[in-house]
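S.K.: Below are the chains, spelled out letter by letter.
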Amino acid sequence: MKPVNDFRSPLARAKGLGTSPDATRFSWLQKITAIALVPLVLWFGLGVASLPEITHDVLASWLKSPFNAVMALLLIVISLKHGMMGMQVIFEDYVHPYRRRLAAILISKFLGYFMMALGVYSILRLSLGS
Amino acid sequence: MSWNDKRPMSPHLQVYKLPLTAKLSILHRATGVVLFIGVILLVLVLLAAANGPQSWASMHAFLSSWLGKLVLFGFTLSLYYHLCNGIRHLFWDMGKGFDLNDAEKAGKFVILATFLLTIVTWLVAL
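So the sequence lines, in the order shown, correspond to chains A and B. For the first sequence, our numbering assigns the number 1 to the initial residue and increments by one for each residue that follows. For the second sequence, our numbering assigns the number 1001 to the initial residue and increments by one for each residue that follows.
FYI, nobody ran anything at the bench for these hints, they're computed from the structure. Mixed in with the good hints there might be a few duds.
Said to hold, decoys possible - Heads up, simulated SDA-like pairs for lysine to any residue below, C-alpha to C-alpha not over 25 Å straight-line:
1) Lys31/A with Ile1111/B
2) Lys81/A with His1028/B
3) Lys1096/B with Ser27/A
4) Lys109/A with Gly1086/B
5) Lys109/A with Ala1022/B
6) Lys81/A with Ala23/A
7) Lys1069/B with Gly18/A
8) Lys64/A with Lys31/A
9) Lys1096/B with Arg99/A
10) Lys31/A with Lys1006/B
11) Lys109/A with Ile1111/B
12) Lys31/A with Gly18/A
13) Lys64/A with Val48/A
14) Lys109/A with Leu1041/B
15) Lys1096/B with Val41/A
16) Lys1108/B with His1028/B
17) Lys109/A with Phe91/A
18) Lys1105/B with Phe1091/B
19) Lys1108/B with Val41/A
20) Lys81/A with Val1045/B
21) Lys1108/B with Pro39/A
22) Lys1023/B with Pro52/A
23) Lys109/A with Met84/A
24) Lys109/A with Ser1025/B
25) Lys81/A with Ile1037/B
26) Lys1006/B with Ala23/A
27) Lys64/A with Glu53/A
28) Lys81/A with Gly1032/B
29) Lys109/A with Arg99/A
30) Lys1023/B with Arg1088/B
31) Lys1069/B with Pro52/A
32) Lys31/A with Pro21/A
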């Protein structure tokens, strides 16, 4: 039974046409990740810049502190999530037809999640390693 | 579906002078793409650091080269622009600052803040 506020024809409903049901959630998540990224980026930008020099040892000891390690982890995860969502919007705007758009979005998401895992692995290895 | 009409289109981007707000808007999108690639490269840098002194040595050599420094500079510039303009966006989300004069003033402040933050970061780093 079609609810009172769904004015799509049965074919349109079956094809999944019309507005996306998770648009609000998507938009919120984009803004929330953006807000979280403000302190994370400022911490990262100024933190890395203030290291005396960048060597394996300096980075490892900087990441030994639990706060720095967790900030780094959150930065990688949240910025990639925010970025994947942003890329999706861009692909939806510019890539036609449907299959090419879907491929573009999925490839960027697979790449994003892979990099997330790689980033978490690297940070943990630096922080917890010898 | 994809554009199949071969008739000529009236020129727009080649003739119309884009307002400041429009330029800042597309710049926000462009810096977003640059940053997505940049964070991926950042992860690869962290991986090189985590894998030990040899892999770090080659990564460090690249980052110290002129190309590496250019990439890093471009990354920090994009990062701070997207950050500052992103905050400008968040104010809009709260419903504040939609008046064109306010939006343009905020935009100019964003440009200024971008350069200041980039310069400060590089001065601290070097």
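S.K.: Tell me, in ascending order, the numbers of any earlier hints that this structure violates.
M.R.: Of the numbered hints, 5, 7, 8, 9, 10, 11, 22, 26 do not hold.
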